[in-house]
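Peer 1: Here the protein sequences line up with chains A and B, keeping their order.
Quick note on my numbering: the first sequence kicks off at 1 and runs consecutively.
Quick note on my numbering: the second sequence kicks off at 1 and runs consecutively.
Hints listed in this document are in silico derivations from the structure and should not be mistaken for laboratory results.
Ideal Cβ placement from N, Cα and C applies to all residues, glycine included.
Some hints could be false.
Stated by the list, open to error - Straight-line C-alpha distance at most 25 Å; calculated DSS-like pairs for lysine-lysine:
#1 A:K85 - A:K56
#2 B:K93 - A:K210
#3 A:K56 - A:K217
#4 A:K82 - A:K56
#5 B:K93 - A:K201
#6 B:K28 - B:K164
#7 A:K217 - A:K82
#8 A:K210 - A:K88
#9 B:K93 - A:K26
To be verified - Interface residues of chain A toward chain B, partial, derived using beta-carbon atoms under 10 Å:
#10 D46
#11 I126
#12 F131
#13 Y208
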Amino acid sequence: MSDAAIARISYPDSKAFQSMIEALSKIIDEVSMKLGPEGARIRALDPAKIALIDIKLPPSAFLEYSVEEEASIGFNVANFLKLLKRGKRGDRLEIEAKGDRVTIAIVGDVVRRYTILNLDVIEPEIPEARFSFNASATLLADLVKNAIRDAEAVGDTVEFEAPNDSEFYIRGVGPEGSGAETRLTAETGQLIEYNVSEHSKARYSIDYLKHVLSLTKVADLVTVEFSTDAPLRLGFSLPGEGRVEYLLAPKLE
Amino acid sequence: MSTARRIPWVVKYRPRKVDEVADQDEAKKLLLPWIEQWLRGSRPAKRAALLYGPAGCGKTSLVEAIAREKGLELVEMNASDFRRREDIDRVAKVAASQTSLFARGKIILLDEVDGISGTADRGALDAILELLEATRHPVVMTANDPWSPQLRPLRDASLLVRFKRLGLRDTVSVLSRICKAEGVECDPEALRVIATRSEGDLRSAINDLQAIAEAYGRVTKELAQNLVRYRDRQYDPFEVLRKIFMSKYAWQARQAATHSSVDHEMLMEWLNENIPAQLTDPEDRWRAYEALSRASVYMGRIKRTGAWDLLSYVYDMVGPGVAFSMRKTRFKWTKYSFPQRILVMARTKKTREVREALASHLARRLHTSRSTVKSDIIPFLQIIFRHKPEYAARLARGLDLTEAMVKYLAGPVANDVLRHLRSRRH
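If we strip away everything but chain A, and leave its shape as in the complex, we get:
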């Protein structure tokens, strides 16, 4: 084998990358990043198969994106996260795959370079999910984060309800009828985009929603999509380009 790099990419913000890896680390131990002409993609299904993180970064999201052919970089999420934590805001992240090694460089005032083994991660079979949602809301990420934190104070379940296309409720459901409610309306401008085709209501596990809260640090807006007793999709648009989607199965009563 030649020593030529099979892939070299450079991402402008190592901290944003860290947020994504942090979310991954909550649901899975090892993951593989696929590099192809369409960009980088990471898909991870948690062991209980109820949550799916799907990260898509097109080539334009990178400062440098030279990928000769399809490549795959497998790594231990917790270890990778440890390396990324050494970086500072504004640092650049460079990843280079060569043979069975991957070099990760965090480039700021100083250059930190780490070499790790490219793991052969067995990819889980994940069907391409096609879903239709009856309610879809785009709102500020901080609002969602705070509503979930409020809900957490009373219990382990959060309920999303979209009764009509002007109101949106995020409720914490606790034992014996205790609860916390956040009401968002279109008039106050909290709901930037809001479409409801049918009254929808569903409950989800707070523990699992918390897994992706780290992404609210980098994404300003979040799209919440759901239907009655059906999976929830959270979409985070990353600065520059790129998107993270989080699918979560509903709780059964």
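We have chain A; now place chain B onto it with these hints.
Peer 2: Just chain B now, kept in the frame of chain A:
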């Protein structure tokens, strides 16, 4: 040699449909309606199914085939993944309380639950029981040996589905199907040899077939006879008993005894229970129990002195010793049963505890030994308590007995005694 990635045939030819799972019709008849009841949305009384049977007979394959055929998601955990409570809570319990992302339902499969030990993994067992309480989806467990005492709570909560060792014909037919699909020249006689030596373990039969086919490009009887060995297997107690009683040679009986999936003491219980069922001639029974009691004497010495080298003689006694007691009785097929002694002991565990507590309580007060209390005092107390509730209440107070002890002594009239006891207190 081809450079294509080598896939084990056991994976490549995994059954995809329920019909493709070899035999096990009785198991299918039990399991399928149970799964269908879940799918109709009503939770069956038994939340879990425990599939048990020897290795390689299709337990996991059947679950996988059902999931595939019914379009269900399979959330699978192996024994090594669920040694700790957190692991079960993190995966199985979470999966059990949410719907599936991609499928219309799911099956939670805990493979090889007999791999968890009762003491070291206590937390894991409790977590599984909690899972069964809470689950909204069918939970299926598999085990080779479901009779170990630590699995009792799981057994009680589950639908028990027994898988049999596969018969020769079923094994041969699967093997020849694979030969055809692989385009390998196989002698039917060779397949019979492989199947016989696999003893109903289809997985090992397929592995043996693949090993020969890939090394030699064809499978002949001669190759099979030279290459395929009987594996060191463990047999469940039913099989061990049958093998012991059917042995023609001493070594066969001994091998059966040493390859038991239950330990030697449990095996002695099984023999104790089933010797009279199998041996109808009184003298044969006498000889068999002689051998068994000799084994018990060795066990006693082992326990007292720690001389484990005597264990070898225990096996000689329970295996050949019992087998060759059979001189007049002719072997005939007998239905063996689980040792009643163990069932009774389990059922009476609480009562025996109270009796022990009562014995040591009274022994201290009456300055006598616990065994004297049990043999000479408790029987009389029981008569008094059952016939003279009022006097009994005075005794109970004088002897400072707890409510559990009073209940034990008074049996059906416990409430009368307790009422007297309470009215005197005030």
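Peer 1: Enumerate the violated hints, using their earlier numbering and listing them in ascending order.
Peer 2: none
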